[in-house]
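Sequences and hints are given; from them, build the entire structure.
The residues making up each chain are set out below.
Number of protein chains: 4
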Amino acid sequence: MVAILKPGVTDAQIESLVRWFCAKGVETHVSKGKYQTIIGLIGDTSKIDTDLLEGLDIIESAKRVTEPFKSANRKFHPEDSTVKVCEGVAFGGGAFSIIAGPCSVESSEQIISVAEGVKAGGADALRGGAFKPRTSPYDFQGLRGEGIELLLQAKEKTGLPIVTEIMDAQHLELFENVDVIQVGARNMQNFELLKELGKTDKPILLKRGLANTLKELLMSAEYIMAGGNEKVILCERGIRTFETYTRNTLDLAAVPMLKELSHLPVVVDPSHATGRARLVGPMALAACAAGADGIMIEVHNDPENALCDGAQSLTPSQFADLCAQIRKVREAIAE
Amino acid sequence: MVAILKPGVTDAQIESLVRWFCAKGVETHVSKGKYQTIIGLIGDTSKIDTDLLEGLDIIESAKRVTEPFKSANRKFHPEDSTVKVCEGVAFGGGAFSIIAGPCSVESSEQIISVAEGVKAGGADALRGGAFKPRTSPYDFQGLRGEGIELLLQAKEKTGLPIVTEIMDAQHLELFENVDVIQVGARNMQNFELLKELGKTDKPILLKRGLANTLKELLMSAEYIMAGGNEKVILCERGIRTFETYTRNTLDLAAVPMLKELSHLPVVVDPSHATGRARLVGPMALAACAAGADGIMIEVHNDPENALCDGAQSLTPSQFADLCAQIRKVREAIAE
Amino acid sequence: MVAILKPGVTDAQIESLVRWFCAKGVETHVSKGKYQTIIGLIGDTSKIDTDLLEGLDIIESAKRVTEPFKSANRKFHPEDSTVKVCEGVAFGGGAFSIIAGPCSVESSEQIISVAEGVKAGGADALRGGAFKPRTSPYDFQGLRGEGIELLLQAKEKTGLPIVTEIMDAQHLELFENVDVIQVGARNMQNFELLKELGKTDKPILLKRGLANTLKELLMSAEYIMAGGNEKVILCERGIRTFETYTRNTLDLAAVPMLKELSHLPVVVDPSHATGRARLVGPMALAACAAGADGIMIEVHNDPENALCDGAQSLTPSQFADLCAQIRKVREAIAE
Amino acid sequence: MVAILKPGVTDAQIESLVRWFCAKGVETHVSKGKYQTIIGLIGDTSKIDTDLLEGLDIIESAKRVTEPFKSANRKFHPEDSTVKVCEGVAFGGGAFSIIAGPCSVESSEQIISVAEGVKAGGADALRGGAFKPRTSPYDFQGLRGEGIELLLQAKEKTGLPIVTEIMDAQHLELFENVDVIQVGARNMQNFELLKELGKTDKPILLKRGLANTLKELLMSAEYIMAGGNEKVILCERGIRTFETYTRNTLDLAAVPMLKELSHLPVVVDPSHATGRARLVGPMALAACAAGADGIMIEVHNDPENALCDGAQSLTPSQFADLCAQIRKVREAIAE
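Protein chains in written order, with my numbering: chain A, 28 to 362; chain B, 28 to 362; chain C, 28 to 362; chain D, 28 to 362.
Think of the hints as simulated: they come from the structure by calculation, not from any bench.
There's no promise every hint is true.
Each pair may be met inside one copy or between any two copies, as identical chains are not told apart.
Restricting the straight-line Cα-Cα distance to at most 30 Å, the calculated cross-link-like pairs of lysine-lysine (DSS-like) are [claimed, not checked]: (1) K159 - K97; (2) K242 - K226; (3) K242 - K51; (4) K33 - K59.
Dropping the structure here:
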C-alpha cells in the first residue's frame, strides 16, 4: 500500500502517522521527495482502511498496490481455472458451456418440455428459477422447494445438470442435488450467504450486482473462495445506467477485463441484461467473440404462444439457431 | 394497468391478447382510438409482468396506473406516519430525531464514551455497527453478537435507544433488545430478510441501495409492511454515480419525493454518502432544509486523535455544534 | 401522443385540458374508461412538451406514440441506408469498413507512416485528430488547420479517405476536402454545429455522448438530416458509468438496438471506450458479432516504442492481426 | 505527478521510462522502495497524459499531485471570489443573489410581466431563454436574437440584470448588453465556445454537464479563466442517473465540495434538476443550507393557468413565498 502525503506536511505529522501505522502492525518505508513525501506500507495492510486514510487532512491519496483479492487473482494463479460441473460440462480453461431454460419453473410439464427443447437445441445445462427475487411482495415468488424438485425431475429425464438461484443460506439443504448454485445480482454482496456457500463444494455462479464494480465482484468471489470453495463462475448480466431502451447495459468489456484480473471463468447472461429477445442473439454472439467461457440464455415454454415472441425469452427453435451461430463464432476466434 | 398497442395491430391479435388477459383473471376495457388501441386492465393485475408486456411485438408500452406499493402509499394513507422508537424518540409526522455513533463498536470503553459524547451533543439515539458488511472477506467483520452486548451496555448507561444493522435473518434473536434494526444498502433487496423483519414489531431503518430507485425502495418497505410490520423508516444514503470526489452522490430530492409518494418517515445519512467529514455538516443541514425527519451521523471515539480529523466521522464537539445548527435550520423552515 | 389522466379527474378539468390542447392545434380523442380517462392527441403534437404534461397535477403520464425522430426512423425507411464515402468505402446495408489511425496528427512523417501501416493492415479509411477536444486548456489542442493539411497529404500518398473531428462550425471551410466529418461525444448536442453540418453534403460520423440515450443520439442525427444531409453514420463509443477499470462502458447492445430503431449505419469505437489496448481486440470482434457496420481503431505511430504497448493504441502489426480476425468473425455471422 | 511502478520492473525499463520523461522535459525523482519503485515528476507535467501512463504495462498507476486547474484552484487563491454583475447584484464571498424567470422568452408582454413578478417577489436578476437547446429539431428553438431584444426591454422596464444562454460563439455580438452569459450543460465542454468567452469581460454562468465530474467542471472554468476572464460562476443543475422520478439527480454535495476545491461562487438550479415544481422549494432551501452563493429558479408567466401547476415552474406568488423562506434559512446558517 502506498500513501502519498500532501505537500507541506510537517515532520511531526509524518512521525505521528508512522507511529499510527506501526501500531497497526505494518512496516513503513518513507521516501521524502523534493516536493512531497510518499510512505510505502509493507506487511499485512488488510487492516488499513484506504477510505479512512484518504480522509486524513495530510494525505493526498492512498492506494493498495496489490489488489485486495488473492485467491481469485491471476497474478497468484496464472493459469485459467476450469470449473467442472459434471462429466462433459465445464467452464473456463478452454471449456465452454451453454446454460438455458425458463425464467421460472412453473410445472412438471413445462420444465420437462423446455429441458428437452433446450437439450435438443444444444444446451449443456438447464436453468430455471425456483426461488424468485421479485421487486414486489405481491409478485409470484416462485415454487421454491417444489420448484427444485421439478428441476430434479427434468434433470433425471434429460441428464442435463441444473443451475438455480439461492436467496437465503437457510435454504441450503434444498440445494443438495443442484449442480450449480446461482447467486443473483441482488445478493452479490449478501456476505453471510457468500460465507455459507464458501463451505460447500458446489460450483457457484456469481452474478454481478447492478451497481457493482468488477473489483467488488472479484471481492465477492473471494468471500466464497476464502471459505475453501474455489469453484466460482463469474457472470456479467448488465449494470444499471441511464439508458432506458434496454433494461440494463451489458458490460461486455467486463469479459476480457475480468479474465485479465482473474483466472476464474466468465459467463454472460444476455437475456436479463437486455430484456428483449431480439437483442439476445446479437449479444450472445458478441459475448462469445469477447471471449466468454459460457452463455446463459432464457428459453420459454410455449413456442406456439405468439404472445411471448419479443419478450426476453427465445423459443426453443430460435435457441437452436443461436447455438449453431455461437459455434461458428467460437470457431472464428479459435487459435 | 394500461396497455397501449402499436399502430396497425389486427383485431385477431387484440382478441388473442384479450383472451390471454382473461386467462390471467383480469378484466379488460378495450378503447379503439382513431389511430391506436388502448386496453385498460381491471382487477388484480399484480400477476401481469409489465416487462413481459412491453416485450410483446404488438404492444407499444404498458404501465401500472396505480403504483405497485400499497401499504407505503400516501394515496391510501394521506397522513404522515410517526414511527415511535421509545418515549421521546420518534420519526415522522413532525417528530425529528438524530441518530449518532461510531461506524463500528470496538470496545466497552469506546462505545460508552461515544454514547455519552453524542448524548451530551444532542443525539436522540445511538448507532454502532456490530455486524459489518465489508467488501473484503479479509477486513474486520465486526464484533457481531458481542458488539450488540456492548451496545446494550451503552444503552443502559445513557438511556439512548440503539440502532444497529442486521445482515442475516438467522441472527434475529440477537436483536431482541435492539430498538431499531437497520437494513443496509446492500441488503435492501434481500427479500428473505425483509420478509422475516415483517414478522417482527420493531422499527426498521431501511437504507436505499446504491443502484436502487425510489420505487424499489418503497417496494422493499412494502415487503416489510406486507408482513404486518408498519414501522418502517426510509433512509437516503447516497447512490452510485460516475462522480469520484464524493464516495456516493447524496440524492436529497429523494426526501420530498419520497414524502410525496409515501407517508413513511425519511432519514438521511450524510456520513456514508459523502465519505468526508467536511461535507457532513453542510449535507446534514441541507437534508433538514429538504424536510428530512431525522439525520444519522457518524461520530468517532478519539477526538484527540488528529489522525481522524478529515475522515468521515465527526468529533463529539463538531457533532454538538452541528446539532445546534440543525435546530436553527429546523426552526427556519417551521411554519 | 397519449395522455393518461389520474383517477378522479373531474369533467371540468378534462374540458379545460381539451380546450388547452385545441388551442395548441391538436385534435383530441377522449376515452373515458371505467376507472380512468385517456386522451389521444392527433395531429402535429411536436409543440406539446411531454415534460410539461407529466408535470400537470391531473396527468398520470404522457407519452409519444410515434418516436420523435422521423428521417432516421426505420419505420418510415425500412431498408438499411448505405453511406458511401468514396469508391469502395461505405458503411451500412451490408457494407463494412474499418477506420484506423492515430489519436492526434503530429507530423507529416508520423501521419504518413501510420497511414501506410494501417492501409497495409487492412484499413479502409484513415482517422487522425487535428482539432482535439481536451479537458484541460493546458493540454495539446491539436495542429488544427495544419493537421488537416497533413491528413490530406497522407490521403494523397495512400488513397485512404480521411475522417477527422470538427469542433466548431466556424472551421467548416477547412474541412472541404475531408471525406467524413466526425462530431465528437462532447458535441453530440451542440445543436448549432449539427444544423450547419446538415447543410453540407458530407458523411457525418456522429458519436454518442457520454451520458446520452440512444433516443437522443437519433434526435441529434435528426438535426443533421432535417437540414438535408442524410449521410449520417452513428457511432457507439462508450458511456460513463461507475465502473473504473475501463475508461467508459462500451454499450454494444446499442448496435442491434439502433439498427432496430433506425436505418442508419452503426460504427463502434472500442479504443476510446475501453482506454486499454488489451481490450480493443476483444471488443472490436464483439462489435462485429453484434452486427456493427464498421469499426474505428486507434493505431499509434511508433511500434518500436515499448512505452506505448498497453496504452489505448494498437501497433500496426497488432492492427493487421485484428483485421484478419474481424474478417473471420464477419464470415461466421454472415447468412 | 507521481508514477507508481508495478512490482518486478527491471532497471532497464526504469531507465527507458526516465529517458522518455526527460525527452518530455520533466525532471524525475526515482525512489526505489523495498518492494516497489515510485517516480516523482517535477516541472511542467501538463504534457504528460496520465491515461497513457496508466496504460503502460510497467506502471501500476499515475496521478497528478497538484490538480490540473490553476486559476480556479483555491490553493492558489484562498479567498472566496466575488463575481459582481452590477450595482447590488453579486455572487460569492458572502454575496448571495436569486435569478428567476421563464424557461423561454415568448413575447414582450410575457417577459415584462414575469420580470415585474419576480422582481416584486425578491429576484435580483432575470433569466429567460432566447436560444433554446432542444433535443428535437422539431421543437421550438427560441426567439433567438429577438428574444434577447425582449429581455433587454424587460431589463429597462425593471432594472433587473439579465442572464441568458449562448449556444454558439458566432452569436456573441448579440450578447453585448446581456449581463451574465449562461453556458448550458450540453455546452460545458464546447471548448471553442469557452475560449471565446474567455476573451470577453462578462460574468459567465457555467452549468455542469449531465455526465461531468466536478473536476471537469473546474477544468471548463479554467478554459474561460485561462483566456483572461475570471468572472466565472459555477452552476450545479443535476446529473444523469438511473433514477426516473426526478428528471436529474441534484448533487448538492457539489456545493461544499466545489467551494473546498475552488474560490469561485456556486449557484444551484433546482428547477431543471428536478423537473417538478413541488420539489423546487425544498431543493432551493437545501441548496442554501449547503452553502450555495445563489439560486436560479424558473417562474412562469400565467399564474392563472391551472394547467401549469405542477410543472417545473413556480408561479410568481409561490416564488415570493420561497424567497422569504430562503432568507430565513440563510439567516439560520449565518455565523
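Hint check results:
1. For the homomeric pair K159 and K97, the shortest alpha-carbon distance between copies (21 Å) is at most 30 Å, but the shortest distance inside one copy (32 Å) is not.
2. Proximity of K242 to K226 under the C-alpha cut-off of 30 Å is restricted to the intra-copy arrangement: shortest distance 22 Å within a copy versus 36 Å between copies.
3. When the C-alpha separation of K242 and K51 is checked against a cutoff of 30 Å, the pair qualifies only within one copy, where the shortest distance is 25 Å, while the shortest distance between copies is 34 Å.
4. In this assembly of identical chains, the alpha carbons of K33 and K59 lie at most 30 Å apart whether taken from the same copy (12 Å) or from different copies (20 Å).
When each numbered hint is compared with the structure, no violation occurs for any of them.
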